[in-house]
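Visitor: These protein sequence lines are chains A and B, in that order. Okay, so the first sequence: first residue is 397 according to this note's numbering, each after it adds one. Okay, so the second sequence: first residue is 0 according to this note's numbering, each after it adds one.
To be clear, the hints were calculated from the coordinates, so they are not data collected in a lab. Glycine is no exception: its CB is placed at the ideal position from the N, C-alpha and C atoms. One or more of the hints may lead you astray.
To be verified - Here are the simulated DSSO-like cross-link-like pairs (lysine-lysine), alpha carbons at most 27 Å apart as the crow flies:
| # | chain 1 | residue 1 | chain 2 | residue 2 |
| --- | --- | --- | --- | --- |
| 1 | A | 438 | A | 475 |
| 2 | A | 475 | B | 10 |
| 3 | B | 56 | A | 438 |
| 4 | B | 56 | B | 13 |
| 5 | B | 77 | A | 438 |
| 6 | A | 441 | B | 10 |
| 7 | B | 77 | A | 441 |
| 8 | B | 77 | B | 13 |
| 9 | B | 56 | A | 475 |
| 10 | B | 77 | B | 56 |
| 11 | B | 77 | B | 10 |
| 12 | A | 441 | B | 56 |
| 13 | A | 441 | A | 475 |
| 14 | B | 56 | B | 10 |
Said to hold, decoys possible - If you want a taste of the chain A side facing chain B, the calculated C-beta under 10 Å gives, among others:
| # | residue |
| --- | --- |
| 15 | 404 |
| 16 | 440 |
| 17 | 494 |
| 18 | 496 |
| 19 | 497 |
Claimed, not checked - Beta-carbon label-pair distances, calculated as ranges:
| # | chain 1 | residue 1 | chain 2 | residue 2 | range |
| --- | --- | --- | --- | --- | --- |
| 20 | A | 416 | B | 77 | 41 to 47 Å |
| 21 | A | 435 | B | 95 | 22 to 28 Å |
| 22 | B | 71 | A | 463 | 22 to 28 Å |
| 23 | B | 40 | A | 464 | 21 to 27 Å |
| 24 | B | 2 | A | 436 | 14 to 20 Å |
| 25 | A | 413 | B | 37 | 29 to 35 Å |
Below are the chains, spelled out letter by letter.
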Amino acid sequence: RKEVEQDPGPFNVPEGATVAFNCTYSNSASQSFFWYRQDCRKEPKLLMSVYSSGNEDGRFTAQLNRASQYISLLIRDSKLSDSATYLCVDSGGSYIPTFGRGTSLIVHP
Amino acid sequence: GAGVSQSPRYKVAKRGQDVALRCDPISGHVSLFWYQQALGQGPEFLTYFQNEAQLDKSGLPSDRFFAERPEGSVSTLKIQRTQQEDSAVYLCASSLGAGGLRNEQFFGPGTRLTVL
Numbered sequence: 397r398k399e400v401e402q403d404p405g406p407f408n409v410p411e412g413a414t415v416a417f418n419c420t421y422s423n424s425a426s427q428s429f430f431w432y433r434q435d436c437r438k439e440p441k442l443l444m445s446v447y448s449s450g451n452e453d454g455r456f457t458a459q460l461n462r463a464s465q466y467i468s469l470l471i472r473d474s475k476l477s478d479s480a481t482y483l484c485v486d487s488g489g490s491y492i493p494t495f496g497r498g499t500s501l502i503v504h505p
Numbered sequence: 000g001a002g003v004s005q006s007p008r009y010k011v012a013k014r015g016q017d018v019a020l021r022c023d024p025i026s027g028h029v030s031l032f033w034y035q036q037a038l039g040q041g042p043e044f045l046t047y048f049q050n051e052a053q054l055d056k057s058g059l060p061s062d063r064f065f066a067e068r069p070e071g072s073v074s075t076l077k078i079q080r081t082q083q084e085d086s087a088v089y090l091c092a093s094s095l096g097a098g099g100l101r102n103e104q105f106f107g108p109g110t111r112l113t114v115l
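Taking the hints into account, I'd like the entire structure generated from these sequences.
Guide: Spelled out as structure tokens, the structure:
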């Protein structure tokens, strides 16, 4: 069974801080991954995709380390609005995505 | 714009009651997924449709769970003889292409099911 492991946190950081989360996956054949953001009592929404070595979008950077089978999400200059749960997703090279349990981020003033 | 919609948003059922949850995907989306999300957990895959074909139902927890998408658009997840452990948020997601690989999933707001 494919596994995606995340530290549930919470990660409690001040505004302006840089924070990073890791996500490990068990399926060595996996080729594509995603980070979704989920606000409390809301649906998940796509934040970033990670297909090769990494991806960058503004303050957010996602990286893939195939040798160690993990992906990371780096958030620079944290904003209060970044507070949410971040879900790591392994598409598994097939049509069934596997979600991690999520990492909770709390950004405080 | 029209996103994925689900109804009802909230459902309270007595144990043993049958329930039906509806998902309206984005028009033209080929793929449709159902997930179950318990509190503090990530979404757990239940079943996957490509158009009207149910290609995978390996995540359905028991034969009390049944899903259909007869015309390749709207989908219904039915739970028979509900049990307390069925209480969760049921999320529906659709994507434009076939499968989860490299295809962004758009999620509906979910149906929060509480079984008393």
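Visitor: The structure should be examined with respect to each hint, and the outcome stated for every one.
Guide: Okay, the hints, checked on the actual structure:
1. 438(A) x 475(A): holds (19 Å)
2. 475(A) x 10(B): violated (35 Å)
3. 56(B) x 438(A): Within the cut-off at roughly 25 Å; holds.
4. 56(B) x 13(B): Satisfied, since the Cα-Cα distance of roughly 26 Å is no more than 27 Å.
5. 77(B) x 438(A): It holds: about 22 Å lies between the C-alpha atoms, which stays within 27 Å.
6. 441(A) x 10(B): Given that 27 Å is the threshold and the Cα spacing comes to 23 Å, the pair holds.
7. 77(B) x 441(A): The given pair, whose Cα atoms are some 25 Å apart, holds under the 27 Å limit.
8. 77(B) x 13(B): holds (15 Å)
9. 56(B) x 475(A): Violated - the C-alpha atoms of residue 475(A) and residue 56(B) are around 40 Å apart, more than 27 Å.
10. 77(B) x 56(B): Roughly 13 Å between the alpha carbons, so the hint for residue 77(B) and residue 56(B) holds.
11. 77(B) x 10(B): holds (13 Å)
12. 441(A) x 56(B): Measuring from Cα to Cα gives roughly 24 Å; hence the hint holds.
13. 441(A) x 475(A): Given pair residue 441(A), residue 475(A) holds - Cα atoms ~18 Å apart, limit 27 Å.
14. 56(B) x 10(B): With a Cα-Cα distance of about 23 Å, the restraint between residue 56(B) and residue 10(B) holds, given a limit of 27 Å.
15. 404: holds (7 Å)
16. 440: Status holds, d = 5 Å.
17. 494: holds (7 Å)
18. 496: Given a least distance of 5 Å, the restraint on residue 496(A) holds.
19. 497: At 5 Å from the nearest chain B Cβ, residue 497(A) passes the 10 Å test, so the hint holds.
20. 416(A) x 77(B): 41 to 47 Å: holds (42 Å)
21. 435(A) x 95(B): 22 to 28 Å: Since residue 435(A) and residue 95(B) have Cβ atoms about 24 Å apart, the given range 22 to 28 Å holds.
22. 71(B) x 463(A): 22 to 28 Å: Violated, since residue 71(B) and residue 463(A) (Cβ atoms, about 41 Å apart) do not stay within the stated range.
23. 40(B) x 464(A): 21 to 27 Å: holds (25 Å)
24. 2(B) x 436(A): 14 to 20 Å: Taking Cβ atoms as reference, residue 2(B) and residue 436(A) lie about 19 Å apart, which means the hint holds.
25. 413(A) x 37(B): 29 to 35 Å: Since the Cβ atoms of residue 413(A) and residue 37(B) sit about 30 Å apart, the hinted range of 29 to 35 Å holds.
Figure legend: structure checked against the earlier numbered hints; hints not met, in rising order: 2, 9, 22.
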